[in-house]
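J.: Chain order of the listed sequences is A and B. Residue numbering for the first sequence follows full-length UniProt numbering, starting at 1 and increasing by one per position. Residue numbering for the second sequence follows full-length UniProt numbering, starting at 1 and increasing by one per position.
Just so you know, the hints here were simulated from the structure itself, not pulled from any lab data. These figures come from a predicted structure and were not determined experimentally. Treat the hints with care, since some could be wrong.
No distinction is drawn between identical chains; accordingly, a pair holds when it is met within one copy or between any pair of copies.
[To be verified] Taking lysine-lysine and the DSS-like style, the derived pairs with C-alpha atoms no more than 27 Å apart in a straight line are:
1) Lys718 / Lys139
2) Lys278 / Lys623
3) Lys159 / Lys431
4) Lys526 / Lys621
Number of protein chains: 2
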Amino acid sequence: MHFRDSKRKVDYVLAYHYRKRVPRHQPGAGLLESVHRPASLAIVSNGETGKSCLDQQEQSCGEHVPPEQPGLLEAQVVDLSPLDALEEEKRVQREEYERNLVEAGLEIEKDLENKSQGLSFVRIHAPWHVLSREAELLKIKMPTKKMYEIKEEGGILKKLNEVWCKLTEPLQPQVPQQDNTKMKSLSYPFSREKIYLYNIKDKDTFFDNATRSRIVREILKRTPTKARNSMGITTLIANNVYDAAYPLHDGEYEGQNDDNNERKLLYREWARYGVFYKFQPIDLIRKYFGEKIGLYFAWLGLYTEFLIPSSVVGVIVFLYGCITIESDIPSKEMCDQRNAFTMCPLCDKFCDYWNLSSACATARASHLFDNPATVFFSIFMALWATMFLEQWKRLQMRLSYFWDLTGLEEEEEHPRPEYETKLLQKKLKIKNTTENTNEDEKEKLTWRDRMPGYLANFSLILFMIMLTFSAVFGVIVYRITTAAALSFSTNETTRSNVRVTVTATAVIINLVVILILDEIYGAVAKWLTEIEVPKTEKTFEERLILKAFLLKFVNSYASIFYVAFFKGRFIGRPGRYVYVFDGYRMEEARGCLMELCIQLSIIMLGKQLIQNNIFEIGIPKLKKLFRKLKDERTEPKEVNTNQSKDPQQWDLDYSLEPFTGLTPEYMEMIIQFGFVTLFVASFPLAPLFALLNNVIEVRLDAKKFVTELRRPDTVRAKDIGIWYNILSGIGKLSVIINAFVISVTSDFIPRLMYQYAYSQNGTMHGFINHTLSYFNVSHLKAGTQPENSPFAQDVLFCRFKDYREPPWSQNSYEFSKQYWAVLSARLAFVILFQNLVMFLSVLVDWMIPDIPKDISEQIKKEKSVLVDFFLKEEHEKLKLIESLITCDKHGHQSGTKGQRIRAASFCQFSRSQKGSLASFSSQHTEV
Amino acid sequence: MHFRDSKRKVDYVLAYHYRKRVPRHQPGAGLLESVHRPASLAIVSNGETGKSCLDQQEQSCGEHVPPEQPGLLEAQVVDLSPLDALEEEKRVQREEYERNLVEAGLEIEKDLENKSQGLSFVRIHAPWHVLSREAELLKIKMPTKKMYEIKEEGGILKKLNEVWCKLTEPLQPQVPQQDNTKMKSLSYPFSREKIYLYNIKDKDTFFDNATRSRIVREILKRTPTKARNSMGITTLIANNVYDAAYPLHDGEYEGQNDDNNERKLLYREWARYGVFYKFQPIDLIRKYFGEKIGLYFAWLGLYTEFLIPSSVVGVIVFLYGCITIESDIPSKEMCDQRNAFTMCPLCDKFCDYWNLSSACATARASHLFDNPATVFFSIFMALWATMFLEQWKRLQMRLSYFWDLTGLEEEEEHPRPEYETKLLQKKLKIKNTTENTNEDEKEKLTWRDRMPGYLANFSLILFMIMLTFSAVFGVIVYRITTAAALSFSTNETTRSNVRVTVTATAVIINLVVILILDEIYGAVAKWLTEIEVPKTEKTFEERLILKAFLLKFVNSYASIFYVAFFKGRFIGRPGRYVYVFDGYRMEEARGCLMELCIQLSIIMLGKQLIQNNIFEIGIPKLKKLFRKLKDERTEPKEVNTNQSKDPQQWDLDYSLEPFTGLTPEYMEMIIQFGFVTLFVASFPLAPLFALLNNVIEVRLDAKKFVTELRRPDTVRAKDIGIWYNILSGIGKLSVIINAFVISVTSDFIPRLMYQYAYSQNGTMHGFINHTLSYFNVSHLKAGTQPENSPFAQDVLFCRFKDYREPPWSQNSYEFSKQYWAVLSARLAFVILFQNLVMFLSVLVDWMIPDIPKDISEQIKKEKSVLVDFFLKEEHEKLKLIESLITCDKHGHQSGTKGQRIRAASFCQFSRSQKGSLASFSSQHTEV
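Kindly generate the complete structure, drawing on both the sequences and the hints.
T.: Right under this line is the structure:
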C-alpha cells in the first residue's frame, strides 16, 4: 500500500510486461531509471537495491540529467530485431511518459527490471502540492470547518420518521456514520487561497483514497507523450505500452486482522449474500467507488424497493384470479360436459373434430391471468413506473446535495485516442493530395468522413434486426412443422402431448437463441460504435448504449410481441385457412394471454437465471482460472515464488479482472424493467420474480465490485445519463402495449361487451356460445376433411372461435356485426386507457416536484450560510491584520521618514483591501 | 434625469401623496427632512429652497441628529384626528424608511412639501460604492477586458449565413450594435476584489441604467421598517405609504432634439407600426427592459416567424381544397339534381321533406376544409409545434449565453407581504390561545391553515367551469328555440334564412359571453390566488397563471369542443328523436367541419380584434383620460402650472400606467397558440390570421412598453417559466384533438372506407347514397308528421344521414354493420395518428439538441478562456508585486535587524500567496 519508505501512499499503479533481449542495454536502462528532478522532489527508486528513498533524495540533490538521453537511446535502437525494436519503442515511450509525470509533480517508484521478461509495476504517489493544485483545477468540493444544521420536518412527520428508523434499525448496515446526521458540513470547491476555510487535520488524509486516485488519473490522462503525438494513459494502454492502470484497493477484504479498511467493511456489510436483507451503505459505496457507481447501486436499491409493493399487488391480483376461478362462468361453461361444442379440426386431414370441454384446463388456467383485476394492475403498474422515475429524480437530487454534486458542470472532454488517430490520418491524406485547403475542414471529422461508418451502422443494425425476426420466424416454422409431424404419429401419448411438447421445446429454443444473440449483439454494438469514431468517451458510451439497447430490446421481446399480437390472428377460417408453406396451416392460439404468460415467464426467468449464474458467476471464474493457468505456463517459477512470498496489493489487484463499465449491469436491469412493465397485464407475477432476482443481483454485483474487479476509477456523475431516458421511454411504451394486451390479447372487452350488450339477462351465461361461429362441414375443401373420424357422419356444423356470419346467412362466413362492434370497443378501450394513463402519469409527474422541497430549501440555505461564513471568516482575518499593521506601524516609528510614509500607505490599503489581505494574515496565524 | 446638482443620476423614484392639516408641524417636518448622515454622504435636499446640495453637505458636516426624533413626533401625533393620525403614521414610516435607505448608502433628494396636500417625489441615487457592493452580492456578470472570438461555422454554412445577412439587411433594425459581432467580451460576476479585470472607463456609466435601477430596487426591497415589522417597498406600497416606485425612463421618446437616448431609439426602430417588417432589436430591448421582457419579445418574435411557414402551408392546403372542389365526387353527387334524395324533415310538424341537393352550397364549402390535405396539414402542425418548442429552447439557450445568464441560479425570495401578514396573525392567535406551543409550527403556514383557501379555490373554479358550460348550453338552447320559433314564421324569406340568422347571432352571443367571462375570470383567478396566500412572488405568479389559464382555456374552447365533438351526435333518429325540452329536438349538424370552421374563425378573429382594439388600445386611453380628469378636479391649479412649466421625467413617468406583469400578454398569445394548433385540422387558415394579428401585436405591445407604461423593473430570468410547460401541454393535447377532429368530425374516414371497402368500382360514386339510411315515413310518431307538405303523399321513405339498418331489415333502425366497421376504422385512425405523431414528435425532440452545438462549445470554451485570463492577469500582478517587494527590501536595508526579518518573511509570503496579494499591487498601479 505504500512506497518502500512506508510513508508515501501508492495512489495509482501502472503495470506493463517487459522483455529484454540484449544484455548490453542493462546499464543504460539503469541510468535512465534513476532520472529525477530534484526541484519537484520526485524519485525513481530501484526497489531491489534496498536504498531508502530519502537516501536517494539526498544523493540526487543538485544533480541535473541532461535531456539528450533519449537521442542516445534511439541510436542504440537501430540495430535491433523488429520485435525488439517494438519493445524498445515502447520502453522509450514509457520512459518519456514517466519523466513527464515526474515533471508534473508526481512521485514514482519502480521495480527493477531484473529478469529477461516479466511484469513490472510503476507505483505513483501524489504529494500534497499536486493534490491541492489539481483539486482546485477540478473544483472538487471539500468540507469546510463550518457545520450547519439540516432542517428537519416538524410534527407528525418527525415522529413517523423516528418510528421508521427504529423499525428498520436491524436492516441498517453497520458502517461508521457521521456522528451527527443532523449536521452537514458546508462544502466549497477546494482553493489553495482559502486554505484556512477547510478542516485540514492531516494533509495525508484530507483527500481520501478515491479522490487521490481520481486526481492522479486526471494527470495521467492529460500527460502527453511526444513519440506518437498522443495524449495520456488511454492512448498508451491502447497501444499496449502499458498493460493496465488502476488505483489500489484499500486492502484485503478477508482476513481476521483488525485493520478495518473500507473494502473489508463493504464486504462485511454489503457484498455478501448473508446481508441481503439490509439496506445498502450508499455513502460508503460512493466514497469507495465514486459517484457513478454509487448512483448505480442507489438506483438499483430504489428499483428493488419499488418492486416490493408491485410484487405484493401482483400476488394479490394473482390470488384474486385463483379465488374467483370457481365463480368464473365462461370457464365453467367451457368445462361443462353438457355443452357439447363440436369444434372444427385443428389441422387438415389428420385431426379430428374435438369437444371444447377438452380444453377445460387451459380455460381455467387462463382465468388466473385474464381477469378484470389485470386491468387494474396494468394501470397500477403504469403509474408505478411514473412514480418510480419521479422518486428516482428526487433521490438523485438528494444524493447530489449530500454528495456535494450540485452545481457540477459538464467539462470539456479529451477526444478518444481512436478519434485522434482518425483525424491524424485525415490530415495526412489531405496534406498528400492538396496543399492549400481550408483550415477549418481539417479540424474535425465532417459528415462526409463519417458517412461510411453511419451507413455500415444502419445496414448492420437493420440486418441484425432482420436476423432476430427470422429467428423468431424460424421458431414459428419449427412449431408448425413439429406439431404437424407429431400429429402424424401413431403413438397415442405422443399425439395427446403434442401441444405441451411443441410449446416447451419452442420456448427453450427461443431462449437459447435470445441468449446467444444477446452476446453477439453486445459485441456487434461495440464494434459498430467503434466504426462510428465518436469524438469523446461520453458520446461513445451513449451511442453504444443506444445501439446495444435497441438490438437487445428487439431480441428479447420479438417473440413475445409475436405471441401477444400476431399469433393466431392470421389463421383464416375453416374452409379458407392461411397456409405458411404448402400444407402447413398458421398456428392457432388457444388462450392467448395464457401463452403470452408462459412465454414471458420462461424467457424472463431463464434469461435471469442463466445470465446470472453462467455469465456473471461462471464465466469470470473460468476466465480467472484460465488466466492463472496461462500465467503459470508462461512465467517461470521464480516469479511465482517471489510473489507468493510477499504478495503486494498491486500484485493482488493486477490478478483481478479489469472494470469495464456499468453498461452490462444497467442493460440487464433495464431489460428486466421492460419485462416488469411492458407486458405486465399478462403476467402479474413478473414483479415478484424480478424482486427475487434483484435481491440476489445487488449482492452479486456488490461482490463482483468488491472482490473480483480491480478498483474502478472514481467518476463524478450527477445522474444516470441516458439510462433515465431509456427508462422513461419504456414507461411510455408500456402504456400503449398494455392497452393493446388488455384490449386485443385478453378476453376482457368481449366479455364486457357480452355482459352489457348481448347477454339476455346481464350475466355471462352463454358467452362461450356467443364467441363461437358456425361452420358447415360440407364447405370444407376436398382433401382437408378429417380422415378416420369416428363421428364424421354425425357432425353437420362445427364451431370455431371468431365472430362470423353463420353458414345460413346471406353473407356467410363474413365478419358479423358483433365482430365490428367488439373491435370498436377494443379500439375505444385502447384510446381511453392510453390517454387516461398518460394523463395520470403527467399529473403524477407534475404533482411530485423533481427536487424534494427540503433539499431545495437546504440548497438555498446553504448559499446564505456560505456567504455568512465567508464574511465572518474575513472579518476575523481583518481584525488580525489590523492588529498586525498597528504593530508594524510601531516598528516603523524608528525607521526613516520614507519608510513611515510607506507603512502608512500600506495601512491604508489594508483597510480598503480587507478581503484580499485576509488570507495573508491567515498564513501568519498558521505559521 | 439628475439631482439638482445635475451630476448624480436619478436611479429610482418613489412617489407619494401627502396631506398636512396642522401648520405647527411645518418646522418639525422641515427639521426631519434635513436629517442626513455625513458619513454616508447622503443628503435630503429641500428642492424649493434652491440650496445646492454641496452647500448643504458642508453645512451638515459633523452635525448629528439624535434618534429621539420619532418619539417626539409620536407625542405630537396624540391630539390629531384619526385621518390625520393615519397620515402622520405614514409620514413616520416614510421618514424611517428613507433614513434606513440613507444608512444603506443610497443618496436621496426630496421635494419640499410646501403645499397642504399634493404629490411628492423621493429621488434616489446609488453611488459607486453601493453599486459595486450590490453588484457583487447579486453576482451580476459584467464584461471584462478580455475579448474572445466566437467560433464560426465553416464552409457552406458560413456562405449561406452571409447571403442571409445580405438579404435581410433592410429588415434589420438600425440600432448601434457591437462593433465586432464576432467577438464577445468575457463576462465574470462582478467582484470588487478583482476590479482590475473589468473594463471600467467611467464609474458613472459602467453599470447601465437598467442595472442601476435593479440594484436600487434590490435595496428598496430588503430595507426594513420597524414600525410594522415589515420588509421593503412592496409592503409599504401595499400599505399605501408610498403610491408608486419606479425607475425612470431614459428620456422622451419623441422630439427632434439630437440626444439619442435608448428609449427614442427603441421607439424609432421598434415600437412603431411603420417598422412592422423589421426584426426586433432584442439586445436593446433586453438592455432597456431587462431579461424577462426581452425573453417575452424574443419568444413572440420566434413564434411570429414560425407562423410564416405554417401560414404558407395552410394557404396551400386551402387552395388545394379550392382547386379540387370541382373534381370532388361526393359534393357533385350532392348537387346533382337528378339524385333526388328525399330527406326526412328537420323539425317536427312545421318542417317539410326536403331535397338533399338544396344543401349543395354547404357541401361544396365543406370540401374546402374537409379534404385529404387537412390530414397532412394536421400532422404538419403537430410537428411544427414540436419544432417551435425545440427551436425556442435553443434560442433561449443562445440568448442565455449572449446575455450572460448561464449559471444563473435561483435565489431565495422574500415572502410576499400578504404571506407575512397572515403569518403574523397566526402567531398572535397562537400566542393568545396557548403559551407552550411547538416552535416549528409557528414558522410557516401549515396545510391546515391553507385548507379554507384551497377549498374555496377548488369549489370556485369548479363553479366557474360550470358557469362556462351553462353559458355554452344557454347558447345551444337559444339556437334550438330561435330556430324553432323562426320556422313558425309565415314570412318565407325569414324561414329560408333561419340557419344563417341563428348561426350568426349564436356565434356572436358566444363571442360576447367569452369576452365578458374572460375579463371576469382574470379577476377571479387573481382573487383566488390571493386567498391561497402563496409564500413567494414566484409561486404567486405560477399559481395565478395556472388558474387563469385553466379558466380562460375552458372559456375559449368550450363552445368549439361542443361543435366539434358533440353537436349533431345525440339527435337520435327519425321516429325516435332526442328532445331537449318538451318539443325541442336536439340540433342537427350539417357539414360538421364547416360549422366548426365558422365557429373557430369568428371566435378567433373576434377575440383578437376586439381584445386588441378595445382592451389593449381603447381602455388604457380611457383610463388615462379619466385619471387626467380626476387629477384636474382634485388638485388645485397651482400644481398644474408648476408641472407644466417644467415637467421633469419623474412627473412624466408618474402619469404613465404602472407595469403589471407580462401575464396578460403571454396569456393572449397562448390562447392564440391553442387556436392555431388544437383545431387546425378544421381551419387551415388559422395560422395566417394569427400571423397577421401578431405582426400588429408585436408593435402594439412594444408601443405600450415604450410609450404608455412606466419603466418596468428589470428582472433577470433564464426562461419563460411555466409558459413553456403550458405550451408543450397544448402541443400534446393538439395531437389527440386533431386525431379526433379528423376521424370523428370530418368525413375523411367514411370516404376512405367507402372507396376501399364498399365501393363497387373503387371510386367515390355512390358515396352519398351509402351514407344515407332509409326511414319509413309511416313510422313517424303521430303529431310529428310534416303538416302542409305538398308531396307528403308521394313519399314512402325518407332518408337521413346515419348508418342504420333499413326499415325492411330484421332489426330495423339498429346500427348497421357499416356503422361499426366505420367506427372501428375511425378509432383505429385515432390510435394510429396519435401514436405516429407522438413518436415523430419525440424523434424531433430527440434529434434536435436542446443546446445549440456551437453555444455548448462556446460555453465550454469560455471556461478555459476565463482560466487562462485569470492566470495571465495574476501572473502580471505577481511580477509587479515582486518588483515592489524587491524595492521594499532595499528600503529596509537601512532599518533595524528586526525590521529586516519582518520584511523577509513578508517577501516569503508574497511568494506563496501570490494570488491574494495580487489585488494589493493592482491598487498600487491604479493609484
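J.: A separate judgement is required for each hint: does it hold in the structure or not?
T.: Status of the hints after comparison with the structure:
For the identical chains of this complex, Lys718 and Lys139 are neighbours both inside a copy (15 Å) and across copies (24 Å), given an alpha-carbon limit of 27 Å. When the C-alpha separation of Lys278 and Lys623 is checked against a cutoff of 27 Å, the pair qualifies neither within a copy, at 31 Å, nor between copies, at 70 Å. Taking the shortest alpha-carbon separations for Lys159 and Lys431, only the inter-copy value of 24 Å comes in at or below 27 Å, while the best intra-copy value is 74 Å. In this homomeric assembly, Lys526 and Lys621 come within 27 Å of each other (Cα to Cα) only inside a single copy, at 23 Å, whereas the closest approach across copies is 69 Å.
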